[in-house]
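K.L.:
Generate coordinates for the entire structure from the input sequences, incorporating the hints supplied.
The lines below spell out each chain.
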Amino acid sequence: MSETFKGKSTSRRGFLRGAAAAGAGALAAGAAKAATPDPLITEPQPWAQGLGEGVDVTPYGLPIQFENDVVRRNVDWLTADTISSINFTPIHALDGTITPQGCAFERHHSGAIELAKEDYRLMINGLVDTPLVFSYADLERFPRENHVYFCECAANTGMEWAGAQLNGAQFTHGMIHNMEYTGVPLRTILEEAGVKTEGKWVYVEGADASSNGRSIPMEKALDDVLVAFKANGEALRKEHGYPVRLVVPGWEGNMWVKWLRRIEVTDAAVQSREETSKYTDTLEDGTSRKWTWEMDAKSVVTSPSPQAPITHGTGPLVISGLAWSGRGAITRVDVSKDGGKTWETARLAKPGEKMALTRFYLDTTWDGTEMLLQSRAMDETGYVQPTKTQLREVRGLNSIYHNNCIQTWWVKPNGEAENVEVS
Amino acid sequence: MSKFLKFTLAAGFAISATAVFAGEFGLGRPALPEEIAAWDVKVMPDGRGLPEGSGDVWTGDEVFSENCAVCHGDFAEGVGNWPKLAGGWDTLDHEDPLKTVGSYWPYLSTVWDYVNRSMPFGNAQSLSADEVYAITAYILYSNNLVDEDFTLSHENFTEVEMPNADGFIVDDRAETEYPKWTGEPCMENCKEEVKITMRARVLDVTPDVEEAEAAPVEAEPVAVAVAEPEPAPEPEVAAVDPALIEAGEKVFKKCKACHQVGEGAKDRAGPQLNGVMGRAAGSVEGFKYSKALKAKADEGLVWNEETISAFLANPRGYMKGTKMGFAGLKSEEDQAAIAAYLSSFAD
Chain A
1 MSETFKGKST
11 SRRGFLRGAA
21 AAGAGALAAG
31 AAKAATPDPL
41 ITEPQPWAQG
51 LGEGVDVTPY
61 GLPIQFENDV
71 VRRNVDWLTA
81 DTISSINFTP
91 IHALDGTITP
101 QGCAFERHHS
111 GAIELAKEDY
121 RLMINGLVDT
131 PLVFSYADLE
141 RFPRENHVYF
151 CECAANTGME
161 WAGAQLNGAQ
171 FTHGMIHNME
181 YTGVPLRTIL
191 EEAGVKTEGK
201 WVYVEGADAS
211 SNGRSIPMEK
221 ALDDVLVAFK
231 ANGEALRKEH
241 GYPVRLVVPG
251 WEGNMWVKWL
261 RRIEVTDAAV
271 QSREETSKYT
281 DTLEDGTSRK
291 WTWEMDAKSV
301 VTSPSPQAPI
311 THGTGPLVIS
321 GLAWSGRGAI
331 TRVDVSKDGG
341 KTWETARLAK
351 PGEKMALTRF
361 YLDTTWDGTE
371 MLLQSRAMDE
381 TGYVQPTKTQ
391 LREVRGLNSI
401 YHNNCIQTWW
411 VKPNGEAENV
421 EVS
Chain B
1 MSKFLKFTLA
11 AGFAISATAV
21 FAGEFGLGRP
31 ALPEEIAAWD
41 VKVMPDGRGL
51 PEGSGDVWTG
61 DEVFSENCAV
71 CHGDFAEGVG
81 NWPKLAGGWD
91 TLDHEDPLKT
101 VGSYWPYLST
111 VWDYVNRSMP
121 FGNAQSLSAD
131 EVYAITAYIL
141 YSNNLVDEDF
151 TLSHENFTEV
161 EMPNADGFIV
171 DDRAETEYPK
181 WTGEPCMENC
191 KEEVKITMRA
201 RVLDVTPDVE
211 EAEAAPVEAE
221 PVAVAVAEPE
231 PAPEPEVAAV
241 DPALIEAGEK
251 VFKKCKACHQ
261 VGEGAKDRAG
271 PQLNGVMGRA
281 AGSVEGFKYS
291 KALKAKADEG
301 LVWNEETISA
311 FLANPRGYMK
321 GTKMGFAGLK
331 SEEDQAAIAA
341 YLSSFAD
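For the record, the sequence lines run as chains A and B. For the first sequence, position 299 (counting from the first letter as 1) is numbered 299 according to full-length UniProt numbering, and the numbering increases by one without interruption. For the second sequence, position 269 (counting from the first letter as 1) is numbered 269 according to full-length UniProt numbering, and the numbering increases by one without interruption.
There may be inaccurate statements among the hints.
Some chain A residues close to chain B (C-beta under 10 Å, calculated; not the full set) [claimed, not checked]:
1) 110
2) 119
3) 166
4) 213
5) 268
6) 290
7) 395
Listed next, the stretches of chain B that the computed footprint assigns to chain A, with coverage defined by at least 3 CB atoms under 8 Å from CB atoms of chain A [said to hold, decoys possible]:
8) 114–122
9) 180–192
10) 339–345
Because the hints were derived from the structure by calculation, they are not lab data. Positions of the beta carbon are idealized from the N, C-alpha and C atoms, including for glycine.
P.N.:
This is the structure in structure tokens:
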């Protein structure tokens, strides 16, 4: 490369802060009028004179350098190390509904392994007529389907039970992604082996060292579960279970077993570590709920939010966010600017789809006063996303999992936002 | 439909007189009994799946100390952020309950199953059935659930009572929550006043995002047309290429779960690595090395670029029986980078 144009590597956030200060003043005066000609227009710029990169410079592309901050992030203190850990999707910086694989959150129990298609085997055994072994190539010969589904970790927003804790939508709500999966219905594979009448559950496990295993009732297994090998049109990433993962629509992410290697038909739940000691929800009286598989309706404003402040001053403002439900399609999202006193119904970018993220917008005008921004999702069952107070009344503070409370962002007159709790 | 498929379809129905379903595609092949035995190791609460065997508390103490204590503590009390396996009795209805095997786990089968299939961390499926019985017995002992002379076996396994066995209810949200939170929600005058009751900034536990952003994403330095002054080489590492050390720091991320290096480095699942280059193998005091490593040390193994690269290229091939649960570094560049990186840490 003969010419390299290198922009000033200001952090995006630093840039935004500067812009916020400038913007607020400039726009308060009404529609901006340029005092002097803009050199970006009047002077030829390097990119308008020289040449850009040829094809093939990057056979598989990554986002342009200016988007370097749109990445997964970890919260160090949450886990003992990064091998058995989780990170967060930068939902504050994304739009639409599909999560690019490269920034979709990761959750491993013994690290992201590299398992080649040639070395891949899927076994189905237990209460079946014929225990079978499939190769990857075998799976590609079954009729396949495409579906968009969200995958949410049951612990998403789990750090917020006791109070407002993490300052950013990425950290409070980023244990979620939404992809278009290509795969074979689990039903097809179960039928191929022949399920015996006493088979009431399937136990699914992964090929990694943790061999994360979960029990799924037969009714769900025969309903909409997918044995998936593509996401967003391309192979799964290793961190998401390449070459094959399970997709369990609407149910907690821990059940979406990665590197799926075995499906066993059983007469009872196995009661594995992940469905007893973890992913059970302790109530105030010390008893714990188990088998809380479905993810209840939930939403969050992704912008403005602490990592995505308002940088343009008063005037037109797009309030945007995501809504989803594990029990069906989102039918409505309401937004409040005053901490829940009054609500306006937001516009859904398109009608909600079952067990998939729905994008909502509230196109509004900001007068520069502070806002306590909230969003409230409703799904096709008529369920309304509860407040944190409502959730705590039923569950106390120790549930860890399944926190689907209404989130509040305090947007200040300078455009910055903060995670808060309100009365 | 091809003749082949018709044939398998017919055969499928024939096999499965009592079946709900029958194979339609004739894909895959029958799983062999040895294959099923190798992968189907799950253990059910009623003891189904347990192999024959036994282990006592004292043996468990030893095996635990050797394989588990580095993360879970000598008394199963947990080290740092790693799981605590003992204690926490009667805390489930308190603020921040402590959930351990003794205070929370409803089934002993889960302990056996998990230790057997997934532990030790980084060296899964390396324990014998008797060792798993012994570890399980020791965890029970650490929780005051059995006496010190207790022996756990496949025969008395289901007799052990777990304190929180009755502490679980099946998801009842459909009864306790959904009716409450269904219906047309309030749109106006929903509250009289709203006050901020808690702020995340006050707590200040959010990772420093700007620091993360400042980290260079591109590994390769971008070509700059105008010559910039070369950074002055660090005197103590003058012999080693700084770029290689930097590359090694990145590769070392793969090692970090078990090894620490640098100021204040401590032994974790693996020994601390300050001064490892040029040092006799197995010489970190207090670290419990594997027999395999001790044997190599007795033969006079010294860690240097050559030996450490050979070890890292294929840990289990180089040292059969090593406790290091690491698949290996295939790339010679990565091996050299690690050697350079580790060389930059003297004792």
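K.L.:
Taking the numbered hints from earlier one at a time, note which ones the structure violates and give those numbers from smallest to largest.
P.N.:
2, 10
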